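Chains as they are written, first to last, in numbering that gives the first Met the number 0: chain A, 0 to 288; chain B, 0 to 295.
Here are the computed distance ranges between Cβ atoms for each label pair:
#	chain 1	residue 1	chain 2	residue 2	range
1	B	Trp283	A	Gln84	19 to 27 Å
2	B	Gly3	A	Gln84	33 to 41 Å
3	B	Phe160	A	Ser158	51 to 59 Å
4	B	Gly3	A	Ile269	42 to 50 Å
Here are the simulated BS3-like pairs of lysine-lysine, each with C-alpha atoms no more than 27 Å apart in a straight line:
#	chain 1	residue 1	chain 2	residue 2
5	A	Lys93	B	Lys275
6	A	Lys278	A	Lys37
7	B	Lys281	A	Lys93
8	B	Lys28	A	Lys37
9	A	Lys93	B	Lys161
10	A	Lys93	B	Lys284
11	A	Lys93	B	Lys286
12	A	Lys93	A	Lys182
13	A	Lys37	A	Lys175
14	B	Lys286	B	Lys275
15	B	Lys28	B	Lys275
16	A	Lys93	B	Lys28
17	B	Lys28	A	Lys36
18	B	Lys164	A	Lys93
19	A	Lys162	A	Lys36
Hints were generated in silico from the structure; no laboratory data involved.
The structure presented is a predicted model; accordingly, all values stated were derived computationally and were not measured.
Ideal placement from N, C-alpha and C gives every residue a C-beta, glycine not left out.
Next come the chains, spelled out residue by residue.
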Amino acid sequence: MQELLELFQNPNARWVLFGSILLGFASGLIGSFVLLKKQSLIGDAMAHAALPGICIAYLIYGVKSTPLFLLGAAVSGLIATYLIQAIVNHSRIKTDASIGVVLSVSFGIGIVLLTYITRHSGGNQAGLDDFIFGQAAAMVRSDVQMIAVGSLLIILLTSLLFKEFKISTFDPQYAKGLGLPVKGLNAILMVLVISMVVIGIQMVGVVLMVALLITPPLAARYWTDRLEWMGFISGLIGAVSGWIGTAISTMGEGLPTGPLIVLTASSIFILSLLFGLRKGLLIKGVQRI
Amino acid sequence: MTYGAWIILTGVLVGATCGITGALLVLRKMAMIADAISHTVLLGIVLAFLVTQSLNGLPMLIGAGAVGIVTAILVQRLDSSGVQSGAAIGVVFTSLFALGVVMLSFIGDGVHLDVEHALMGEIAYVPWDTLTYARIDLGPKAVWMLGGVFILNLTIILLFFKEFKLSTFDPQLAASLGIPILFLHYLLMGMVSFSTVASFDSVGAILVVAMLIVPGATAYLLTDHFGWMIALSAIIGALASIIGYVFAVWLDVSIAGSMAVSCGLLFTMAFFLSPKHGMVSKWWKRKSFRKSMATS
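Model the full structure from these sequences, guided by the hints.
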């Protein structure tokens, strides 16, 4: 408890905590739509594909600049999403194998570029490998501010377009009938998801980023059937995970923040699976008696 | 044997071991479960280390196999309780992988086991970590372990060839004939875990995914024959390792990463140039079809 209180007196730690709470809320909220659209694993591919994008941005501009890295990550994430679709559309390969091919090969490209940069630009990796597992401990104030502002923007846009997203996801035909631009809305949603992944990999890294998109909405699903509530609860679960995970990681030396945030979210998922009011295992058991 | 030859042999064994297993995964639409298992195997290795306090091959194989099966069971359970399969895979593998990483952070720095190693592998060090028996140098440990797992997987596939084939293409018929489908499923999951842990030391947990999925998918574009596809997948995996090694030496980059990229190159070539299922031949067929329609 003493340590928890001390944590709030350290300004840098306070910023990181603030950032991870906002990040958790935003990814929980937008993750609800990812789950509804059954695109969880595409999110995983996007996150892995971010690595080569970051490396290419560094190779082109030769400086360590977070905004450039994020831009590179977003571009390669978009390309990966397109390739997954193109492989499915133009060959007999099924979606799961297509995701696997794109995910693993782009991660391979990322590793190759990473070692190329290490060995060819004076042994200076420029902290690029931090993106694999996140760099919460090494984040400076401007990084956290970017995470906070980005997360807030995503929360704001998703809340504003919530109804439109909901209708166009559940019933595209009906949405078209209402005159909603379904394709445009899908594109906006996709850009929001990619932005979320890109912002989040700084904190939790490319390997585990997808957990922030999947786990909170999956847990929220055990508490409500209404999408509005699900989005909100999922956001709350994400925020609590960000808070607890970051707090625990400051207690010991070398405890990784990203994996701890993910583990907290997983614990909340297990609790929801057991005790959730909708379809939780306990309720189901009671109802059977 | 020279240093380079050992590395190539290791790579070829990784490609062949993962290739024969991966062909089955791609056909059964289980590619992403392989992705999940290759991540969670880290937890098995960390647990095996905590129990035995050593990095021995056999306990690791057991730990990895156990966690691999647990991963498959958890995914199966969540799936049948109504969670969509993609999300079930995602939540299970991220949870177990995160647990593995956190537990790894408790293990001291003195141990030759860290996250970066687990992810990217250290194939460049394979030739130096040799097995000695009665002071005779028997070659790299990794080669022995990979060779063993390759023979094991090959034996399983040959033993259950008919059963695998039938349950892959017509699960209902297989079930009605009394073929133990669930047993085959978990057997395959076990094979994936073994392949992963044997390859883990050389190419790393994540690049193993490339070797498991991409050669299988490439072979799937090239042939319609079940047996051929398994053989072809192994050959493609082995070939990708050789090409990858050559490129890695030439450009001085990560060997494991370069092997994964070569898998991607071979896949791209098959995607465009496959005689039957490639983009070019499809385009050609459509064109000549149109021409024949126009002339008739």
